[in-house]
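S.K.: Throw the hints in and build the complete structure from the sequences for me.
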Amino acid sequence: MPVIEVDRVSHAYGDRADRRVVLSDVSVRLDEARVGIIGANGSGKSTFVRMLNGLVVPTTGSVRVDGLDTRRDGREIRRRVGFCFTDPDAQIVMPTVREDLAFGLRRRGLTKEQVMARVDEALTTYDLAGHADHPAHLLSGGQKQLLALSSVLVTEPSVLVLDEPTTLLDLRNAAVVSRVVAKLSQQVLLVTHHLDLLDGFDRVLVFDDTRIVYDGAPTDAVAHYRALMA
Amino acid sequence: MSLLGVYLPGSSAVHRTPAGVKLLALLVAGAGSVFLDRMWQVAAAVALVLAGYLVARIPLRTALRQVRPLLWLAVFIAAFHVVATGWERAVVVVGVIATLVLLAALVTLTTRTTAMVDSVVGLCGPLRAVGVDPERIGLLLAMAIRSVPVVVGLAEEVRDAQRARGLMASPRAFAVPLIVRSLRHADALGEALVARGVDD
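Protein sequence lines correspond, in order, to chains F and D.
When we follow the working numbering, the leftmost residue of the first sequence carries the number 105, and every step to the right adds one.
When we follow the working numbering, the leftmost residue of the second sequence carries the number 7, and every step to the right adds one.
This list has only true hints and no planted wrong ones.
Here are some chain F residues pointing at chain D (derived, C-beta under 10 Å): (1) Gly178; (2) Gly186; (3) Met198; (4) Arg211; (5) Ala252.
Just so you know, these hints were derived from the structure itself, not from any lab.
Using N, Cα and C, we set each Cβ at its ideal position, and we do this for glycine too.
M.R.: Here you go:
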């Protein structure tokens with residue numbers, strides 16, 4: 105598994121007059137296959153995961169993935185760390201399903217035949233073959249999230265970060281996304297409010313007030329989180 | 007849900023025509039449209055474009071759907087021309103606009119976005135010499151096409167929220183949330199593009 109090292113990271117938005125600290129002195133080393141991240145809204149978890157593929161560069165401290173620094177090696181890190189957001193509409197770039205799957209691959213120097221082969225494989229794997237030429241905006245919410253997820257996975261990242269991927273989905277579609285994630289060989293970091301998705305995870309971090317306040321097994325972490333929110 | 011300009015798979019001669027040729031034809035038609043000043047000329051142009059729909063086996067209903075959003079603009083332009091230059095000129099101007107929109111829609115309905123993007127990137131290739139990134143222009147085109155249904159969807163949601171709160175005809179109550187949500191969407195899309203390595 106890849107190794108993610110977060111070393112004494114703090115982050116703040118805004119200028120001196122209107123400074124808002126969102127992460128305070130966070131240090132953690134993650135090398136498990138399945139890591140869950142939970143916490144209240146505004147606790148810092150989304151900023152934390154955005155740092156893992158260089159979307160946000162920390163104000164102080166460093167984030168490294170397999171020894172690569174997000175501040176210095178952003179390009180290589182984004183190839184290794186795929187990111188899936190909450191709202192699929194905001195990450196589907198191309199008008200049709202097939203074209204969106206091909207989008208990330210076309211920028212990787214593959215031949216047209218290689219791109220088509222990988223897209224066809226992804227369409228079958230993620231049960232989107234029947235929608236290949238459909239407009240992406242006409243898919244259901246669950247299918248859109250599946251497309252967003254598969255558009256990231258088709259580029260074969262070694263780490264997948266999912267920021268609340270099931271928040272906008274009903275239980276059935278959330279279960280579909282969860283089943284897809286469960287089968288992945290990649291290291292997965294999942295931010296979620298759906299605590300049952302963390303069953304079988306190796307480790308769960310609980311964020312509160314810009315810090316990691318608990319780090320342990322899912323059952324204990326969820327209990328700690330529930331007590332915190334009570 | 008908006009179906010404007012959404013690619014309709016097919017194997018007709020129009021579908022098989024290279025994207026670059028179709029885009030060039032659209033460009034030529036746009037430039038040439040300034041020379042149309044008789045009603046029979048406009049009628050011939052409309053007939054020609056509709057023949058294109060026929061060859062592409064696209065139903066007339068789909069063709070009409072492409073020009074429906076123009077209705078209020080057409081009414082406004084026609085009214086202006088009836089007063090300023092006469093009804094014949096009004097028919098010509100509105101007819102030319104409708105023809106060009108129909109033609110543009112025929113291109114997008116029969117061409118994959120990736121094929122259009124590839125053509126635009128190819129055409130813009132020489133601009134690399136003056137520091138323009140053709141890939142960026144292609145991406146801009148793809149996102150513009152993709153954003154139409156998204157913004158239409160946002161507008162529908164805002165309108166529903168407006169109705170739910172009993173604000174039936176308030177342009178400000180419609181425009182402000184639509185602009186705010188569109189900007190938020192643009193922000194999120196930008197972040198997603200960076201996450202997918204577009205800026206690298």
